[in-house]
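Chains as they are written, first to last, in full-length UniProt numbering: chain A, 1 to 140; chain B, 1 to 141.
No lab work stands behind these hints, which were simulated from the structure alone. Keep in mind that the hints are not guaranteed to be accurate.
No farther apart than 20 Å at their CA atoms in a straight line, the calculated lysine to aspartate or glutamate pairs in the DMTMM-like style are these [to be verified]:
(1) A:K105 <-> B:E87
(2) B:K131 <-> A:D86
(3) A:K104 <-> B:E87
(4) B:K131 <-> A:E116
(5) A:K132 <-> B:E87
(6) A:K132 <-> B:E49
(7) A:K43 <-> B:D13
(8) A:K118 <-> A:E7
Output of the computed footprint for chain A on chain B, the stretches with three or more beta carbons under 8 Å from beta carbons of chain A [what the hints assert, rightly or not]:
(9) 40 to 51
(10) 74 to 81
Nothing here was measured: the structure is a model prediction, and the numbers come from that model. Yeah, the Cβ is synthetic: ideal placement off N, Cα and C, and Gly gets one too.
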Amino acid sequence: MSHPVPEGYQSIDFGIPFLQLIGPVYHKVGAPVLHLAMRIEHKHCNALGSVHGGLLATLADVASVRALVQARNNGQRAFTISLNTDYIGQAVEGDWIEAHITIKKGSGGVAFALCEIKVDDKLIVVSSGSFKFFTPSEAS
Amino acid sequence: MAAQPPLGFGLLDCTHLPFNHLTGPIYIKEGDSTPRFGMFILPQHSDAEGFAERGVLATLADMVAGRSLVIASNFTLGCFTISLNLEFLAPVPQGGWIETTAKLYGQQGNVAFVACDISYDGNVVMQANGKFKQFPHADLR
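Chain A extracted, bound-state conformation (with noise of 0.2 Å):
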């Protein structure tokens, strides 16, 4: 493998179909506040070759949404009611993104999270979102 997986960073698997197709996804053990990781390759791109930004939405929704749900920590699940995404820069082939979650207000029926995804110290993305709370069985 050309790109090695940064040290303190294991996969994980949410049991999400697409996330399986487009990972693999990974985390930072030990972090206090879920944090994600993707290593780009050339499957993730555009024409253009840099990062697809359906790869990057997709991302910060799903780093926003496992933040929140982790940090609840109480069997409820939430779904994304609005994603408003900046691409503020790229990233290519090789390059490690992480999104870094800030909860805004993580109580309630309907929670509040920032994400920005970085190439190191680069931010490429900035997301804000808003995320409804359930219960499982509600939803069955």
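Position chain B relative to chain A; hints supplied.
Just chain B, lined up with the frame of chain A:
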């Protein structure tokens, strides 16, 4: 036998669009003033609850908006996404056929403002609004 898209839709060639190739297949219906795009929500597009993962819809909207701008420029302009704002109104079940078409609703210099709502079974399930920066590019067919 795999489900067939509605009449008039053909497979979109995503050879040069690796992420859309991975997350497709995507279909296109041309001939109208603005092309229409669609896809089936297949098992690999699902979230943990069995509905379409939000990222699938985001990816489709982003591609359709950008691709529609490229087509509208007769393949003389490329573009990249500056921002994409998404509102998720309803879930899409596995097997569902979703459709969308891009609408250019504004232009400020080389920045295009595009709406790209996705519908399922006659209802809008995701509203998308994006800003896209355009630039000369001759090789995006």
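Agreement of A:K43 and B:D13 with the hint, judged by alpha carbon distance not exceeding 20 Å:
Judged against 20 Å, a Cα distance of about 15 Å means the pair holds.
Straight-line Cα separation of A:K132 and B:E87 no greater than 20 Å?
This hinted pair holds, its Cα atoms lying about 13 Å apart.
Next pair to validate is A:K118 with A:E7; report whether the Cα-Cα distance is within 20 Å.
holds (17 Å)
For a C-alpha distance cap of 20 Å, please report whether A:K105 and B:E87 respect it.
holds (19 Å)
Within 8 Å of chain A's CB atoms, at least three CB atoms from the stretch 74 to 81 of chain B: coverage verdict:
Result for this restraint: holds, n = 3.
Check whether three or more residues of the stretch 40 to 51 of chain B sit with their beta carbon closer than 8 Å to a beta carbon of chain A.
n = 7 at 8 Å, threshold three: holds.
Would you check the hint for B:K131 and A:D86, treating anything up to 20 Å between C-alpha atoms as holding?
holds (9 Å)
Within 20 Å, alpha carbon to alpha carbon, are B:K131 and A:E116?
holds (19 Å)
Straight-line alpha-carbon gap A:K104 to B:E87, limit 20 Å:
Judged against 20 Å, a Cα distance of about 19 Å means the pair holds.
Given the hint that A:K132 pairs with B:E49, does the C-alpha gap stay at or below 20 Å?
Answer holds: A:K132 to B:E49 is near 14 Å, not above 20 Å.
Of the hints listed earlier, there is not a single one the structure fails to meet.
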